[in-house]
Amino acid sequence: MSTTVTETADPSGSTAAGSDAAPARPRPELRSSRRKALAGSLANVSLAAYFAFSLIPIVFILALSLKSNADQTTTYLAFSPTFENYRTVLGIGDGGSSYVRFFLASLVTSVGAVLVSLAIGIPAAYAAARYRFRGSEDLLFTLLSFRFAPELAVIIPLSVIYQQLGLYDTFVGMIWVLQLVTMPLVVWILRSFFQDLPAELEEAALLDGYTRRQAFFKTVLPLVRPGIAAVSLLAFIFAWNNFIFPFTLTSSNAQTVTVSSLAFLGGNQVQFNLVAAGVVMAALPPLVLALFIQRYLVRGLSFGAVKS
Amino acid sequence: MATITYEAATRFYPGSERPAVDGLEISIEDGEFLVLVGPSGCGKSTSLRMLAGLEDVDEGAIRIGDRDVTTLAPGRRDVAMVFQSYALYPHMNVAENMAFALEMAKMPKQERRRRVREAARILDLEPFLDRKPKSLSGGQRQRVAMGRAIVREPQAFLMDEPLSNLDAKLRVSTRSQIAALQKRLGVTTVYVTHDQVEAMTMGDRVAVLNEGVLQQCDSPRALYQRPANAFVAGFIGSPAMNIREFAVHDGHARIGDRDVEVSDELRAALADEGLDRVLLGFRPESVDLVGPSEGFTASVQLVEELGADAYLYCSIAGTDHAGDPDIVTRIDPARPPRVGETVHLRVRAGHEHAFSPVTGERLSS
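As you go down the protein sequences, you meet chains F and S in turn.
According to the numbering used here, the residues represented by the first sequence are -11 to 296, in order.
According to the numbering used here, the residues represented by the second sequence are 22 to 386, in order.
FYI, nobody ran anything at the bench for these hints, they're computed from the structure.
Note that the Cβ used here is the ideal one computed from N, Cα and C, for glycine as well.
Take these hints with a grain of salt, some might be off.
[To be verified] Straight-line alpha carbon distances no greater than 30 Å define the calculated DSSO-like cross-link-like pairs of lysine-lysine that follow: (1) S/190 with S/155; (2) S/127 with F/206; (3) S/153 with F/206; (4) S/130 with F/206.
[Said to hold, decoys possible] According to the in silico footprint, chain F covers these stretches of chain S (three or more CB under 8 Å from chain F): (5) 73 to 82; (6) 85 to 96; (7) 116 to 128.
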């Protein structure tokens, strides 16, 4: 009774094409495979070139952050590296600086925004995936429009409202406004994850004795974990990188690291090297998070549940 | 194990005027294998899901044994379901998939393992107990889904097109295995399919649904031999029964170029209803090739040779819809006529089915 279905996918595709050609000539599939190899290495070379090109800004900023004041505008790569900029930005030996505080403010507001949008976005995405009701598509589109509407369009009324409500320069206010950025992302991405999960899976769990709530938390949620990890990372990066909201809605208390680097550009001196050091450190959290979360980004956990 | 009773069970989908299932009345015996069959959208899956508790019952009631389960949560109905997509938990291996419901029921670990072993033995799944669903073939997944139902030793098995994701050959062998397994376990089973061959071969009784309404519920043989209405007559049987409307004059129905006498009983029934037309149905095997003087004339449009049988698709001479095959007949495959040839056909006496052209209900007994 046991049967095994073996599906062999031939990645090279049409190797059989032209196999009935005259034997005297070089076999066409050989020629085509040589052409394929050539095309492959060409693709690799151009990808490598693009990779190097895309690294330029990163290398540039990294180098700049290691340059002294004198070197910052005069050389590209020939300089004696110094960590003085980092020390200055962090205020080491200088009784501390506000950079650390801004950094922490960034962390608190970004993580807060992600948590808020997950708490509301996960159930919303589930509902959007499973139920169709009057206006559900409009609702989702409105949510999406938060993503493509220019932030500048709302910034003036928003700052007036924030001033009046006492949300200006507060953590709550920042989390509130940043979750506007992250929530649509959470809902739209997770919705497609939920849609990929067959409803029958939950129904099977219901018949096996779970309540609806248990079926959601114990069957559905674990299966969309890769999606939640992916969307959390994305949402965090969006919140962390946001500039315009902290720039206009905070002054000192809840100011974030993206805005604080501007301080090095004011006054008597324009210190790009200090900005660079701040930027390099500010880029670390998303980078670390991405490395950490990478393994969850691999989808495929849910494959095999059903035959599509 | 228990009886199952639908008592005028009705389901309206939100926003729809017409019920998806309309006043369904079926009593299923203990240990019976009942098949719900019908075209897509006929309400067969909805009926099954109402029994499972996945769909509300808006009117009427459903009983399992003497328990009214109409409003009971799915998990408390003590029924096991096999889904079309199998719905195996992808993060659990085969053994865990099968044991999951038992775990939920707080069954002792030893008993759980015993039951999983036993089911795996029955279903030939022993080598795969540690595998995840994604590394199994379609047929194996199907058996895991069956195993998941078996281990629960439930009051009833509910199966929603469990074979439709298998390839044709596997479907046929699995079909007989499921039927045999059900007989052996003696668990009341409700099985949904759109495939009438599946319905006829598996069910003790078959319930035919159309547009949410139960058309007929009977043994496969009775459905075939005495369809209650024109819908059932046309749905059951492959190729389908020939059903055409004919005018009746002086106790004769005009079929092509020949008058055929109708039975006294049918004549009386037509008179009662005040009808001068009748829907006559005859199965392909009830139509014989005869000599030129005996039957009505038809020309062959298509010959289908299947080896054991051959089917002739003919158009009856003297009917206005030319070109469209009017009648299908099963013939001896040894000497099939050629396309375009003129043949003479006769319906075997007593093998015709008569239905009202107005209501579609059966007229003859």
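Hints, one by one, checked against the model:
no. : hint             : in the structure
1   : S/190 with S/155 : 22 Å, holds
2   : S/127 with F/206 : 17 Å, holds
3   : S/153 with F/206 : 18 Å, holds
4   : S/130 with F/206 : 21 Å, holds
5   : 73 to 82         : holds (count 3)
6   : 85 to 96         : holds (count 3)
7   : 116 to 128       : holds (count 4)
Hint compliance for this structure: every hint is met.
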